[in-house]
Amino acid sequence: MESGMRSVVVDKLASVTQACGLSHELRIAPDIPAEEGVVIVVEVLTNKSTYNTLELTSGRMAKVGKGDVVAGALGHRQALFGYSGHVPEQLKPGDVIQMLNIGGVLGVCDSINPDKGRPFDCRVLGVVLNFPYLGERIGVPARVGHKALDAAAALDTRGVPVVALAGTCMEAGKTAAACAVIARMRHRGLTVDAFKATGVSLRRDILAMEDAGARRCAIFTDLGVVTTTRANGPALTRTMLSELAAGKPDVMVFELGDGILGTYGVDAILECPDIRAALTAVILSANRLGRREAAARAFRDRAVRRDRTRH
Amino acid sequence: MKLLRERFAIEPCVVTGPATDNQVGVEIIANQMRVAAFNALSNGAALGDRVIEALGVRAAAPR
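Quick note, the sequences are listed as chains A and B, same order. Those letters in the first sequence? Residues 1 to 311, per this note's numbering, in order. Those letters in the second sequence? Residues 1 to 63, per this note's numbering, in order.
Hints in this document: simulated from the structure, not taken from any laboratory. Errors might be hidden in some of the hints.
Unchecked claim - According to the in silico footprint, chain B covers these stretches of chain A (three or more CB under 8 Å from chain B):
#1 149-157
#2 163-173
#3 275-285
Even for Gly, the Cβ is constructed at its ideal location relative to N, Cα and C.
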């Protein structure tokens, strides 16, 4: 792994890399494992006028421009209102990939949303190395997360009540609702811990929950997952519920990012009997009622009222 | 709602989101779906109180 190793100064550390504790001067190598969660450095090749910010490890949103050198992580995305993309099978320095979200997730873009414009094109510079062996200059590819997810993790909420927020789709107001509920609970003297169980890595939502008064917050990225799926969603949820419950909050609140029928594993979580049994309350965040649905309901209501009047 | 109830056997304690942006949406949800509805932005305290009530936890009296 050390052949071709070199130093690079990075302008921006994307929030997806937060657990790695990277500095702005990194050692990179050309042998890149093309796997989700691997931290890489890229150079931004384009400018854009919308959806042109990056969430940094500090939580600040920074404007990104052509020439910026950014540390992010490989991952996939399948967003209804954003970009879709995948992790390539192979990756080498010089390849051009795209920035798939504002948390610094990088992959090959398959589909764009016209509202967001084309994603940033990024030239791959190399994989970030970290040096875990004390006194040895053996670099290994850096990966996101504080620790790896235990797929067999057991669920133990220790009797702490759990509130889950599910939505009809992304941008259905789940985070706003979570923050309102957390703030009210704090105002009424309750200690609340919160986490985001599904979606694509971005800390914005849990930072908002923290700002609303949550004592401790967590996100799946902390467990090495860039993008959740049906395969890892349930284990992530069990792990974060159990870990936060160990701190004995009065209530745990968690958001199921994306819609119930999206591809990030919300349905797989809700299908698990043990997780369902742990949910004390579920909040549904619904997008606007369809005009046709609302009209049909209004028409039906009027018909029922007319019918009752006649009889 | 239908999906939560029929596929997952989950009964939400409250509905929120853009569907509750105005009183018409709140009333349609409350009357047709038989579940409380509050808007998080305009009525966040009531939303929180409804959830606290559903949890059955002991909390300080509302301010």
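Task: Per-stretch coverage check for the segment 275-285 of chain A, three Cβ contacts closer than 8 Å to chain B - done: Satisfied; 8 residues make the cut.
Open item on the list: Using a Cβ cutoff of 8 Å, are there at least 3 residues of the segment 163-173 of chain A near chain B, or does the coverage claim fail?
Closed with: Our answer is that it holds, as 6 residues pass the Cβ test (under 8 Å) against chain B, meeting three.
Task: Within 8 Å of chain B (C-beta), three or more residues of the segment 149-157 of chain A - done: n = 0 at 8 Å, threshold three: violated.
Checked against the numbered hints above, the structure violates only hint 1.
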